[in-house]
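**Student:** Sequence order for the protein chains is P and F.
For the first sequence, the working numbering assigns the number 1 to the initial residue and increments by one for each residue that follows.
For the second sequence, the working numbering assigns the number 1 to the initial residue and increments by one for each residue that follows.
FYI, nobody ran anything at the bench for these hints, they're computed from the structure.
Mixed in with the good hints, there may be bad ones.
[Unchecked claim] Simulated pairs of lysine-lysine, DSBU-like, Cα-Cα distance not exceeding 30 Å: (1) P:K37 x F:K57; (2) P:K37 x F:K17; (3) P:K99 x F:K69; (4) P:K56 x P:K68; (5) F:K65 x P:K99; (6) P:K5 x F:K57.
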Amino acid sequence: DQQVKQNSPSLSVQEGRISILNCDYTNSMFDYFLWYKKYPAEGPTFLISISSIKDKNEDGRFTVFLNKSAKHLSLHIVPSQPGDSAVYFCAARVLNTDKLIFGTGTRLQVFP
Amino acid sequence: EAQVTQNPRYLITVTGKKLTVTCSQNMNHEYMSWYRQDPGLGLRQIYYSMNVEVTDKGDVPEGYKVSRKEKRNFPLILESPSPNQTSLYFCASSFGGESSYEQYFGPGTRLTVT
Numbered sequence: 001d002q003q004v005k006q007n008s009p010s011l012s013v014q015e016g017r018i019s020i021l022n023c024d025y026t027n028s029m030f031d032y033f034l035w036y037k038k039y040p041a042e043g044p045t046f047l048i049s050i051s052s053i054k055d056k057n058e059d060g061r062f063t064v065f066l067n068k069s070a071k072h073l074s075l076h077i078v079p080s081q082p083g084d085s086a087v088y089f090c091a092a093r094v095l096n097t098d099k100l101i102f103g104t105g106t107r108l109q110v111f112p
Numbered sequence: 001e002a003q004v005t006q007n008p009r010y011l012i013t014v015t016g017k018k019l020t021v022t023c024s025q026n027m028n029h030e031y032m033s034w035y036r037q038d039p040g041l042g043l044r045q046i047y048y049s050m051n052v053e054v055t056d057k058g059d060v061p062e063g064y065k066v067s068r069k070e071k072r073n074f075p076l077i078l079e080s081p082s083p084n085q086t087s088l089y090f091c092a093s094s095f096g097g098e099s100s101y102e103q104y105f106g107p108g109t110r111l112t113v114t
């Protein structure tokens with residue numbers, strides 16, 4: 001049973017436009033939601049987080065939105081750059097633990 | 001440089017031949033974890049450790065063992081590898097507690113079991 005779901009395996013966006021990556025979850029026992037970025041032949045790297053008590057967190061070009069009623073979060077990248085091309089994993093931390101549950105990933109391609 | 005290292009990076013082996021994948025971190029992190037990444041399944045946790053001599057099963061522990069004798073090292077042991085353990089493996093570490101969601105990952109070990 002996949003508790004964190006990324007239903008779009010891939011996304012293609014033109015440079016300069018907005019990229020929107022989506023993630024849904026089924027469990028309410030998460031206290032933080034995260035996005036990790038992964039380049040080929042490298043390990044994932046932490047990108048941005050949001051607490052379950054917030055609905056938005058912004059860091060430069062990256063903004064994460066959390067809609068608790070819909071159990072949905074999204075990552076917005078504006079403007080998108082070719083260097084943003086990577087696989088993005090959504091993840092959630094189980095309340096009162098250090099355990100992360102990851103989604104299946106979305107491959108973002110930003111073309112010129 | 002703060003980092004998580006894994007060795008080997010690539011390994012091809014045969015069914016039943018015991019192997020160990022090493023993981024080491026130099027950030028004095030309490031929490032360490034092993035994941036496997038498979039197509040369509042994302043990252044799944046195998047085992048984790050909250051501190052020295054404290055380990056516990058993740059979501060897919062069957063066929064694996066771990067140990068945490070020192071804070072910096074967390075080896076993954078496959079006593080009798082099978083083809084369904086062919087995967088990309090990642091070790092990760094973090095400080096426990098409030099900021100534990102920021103995990104630092106190693107570069108990965110691609111294992112093929114024939």
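**Student:** Indicate, hint by hint, whether the structure satisfies it.
**Tutor:** Hints versus structure:
1. Proximity of K37 of chain P to K57 of chain F is assessed by CA-CA distance (about 25 Å); at most 30 Å being required, the pair is judged to hold.
2. A hinted pair counts as satisfied when its Cα atoms are at most 30 Å apart, and K37 of chain P with K17 of chain F does not qualify at roughly 34 Å.
3. Of the supplied pair hints, the one linking K99 of chain P and K69 of chain F holds, its CA atoms being roughly 21 Å apart against a limit of 30 Å.
4. With a C-alpha separation of about 11 Å, the suggested pairing of K56 of chain P with K68 of chain P holds against the 30 Å cut-off.
5. The straight-line distance between the Cα atoms of K65 of chain F and K99 of chain P is roughly 18 Å, inside the 30 Å bound, and the hint therefore holds.
6. A hinted pair counts as satisfied when its Cα atoms are at most 30 Å apart, and K5 of chain P with K57 of chain F qualifies at roughly 22 Å.
Taken one by one, the earlier hints fail for this structure only at number 2.
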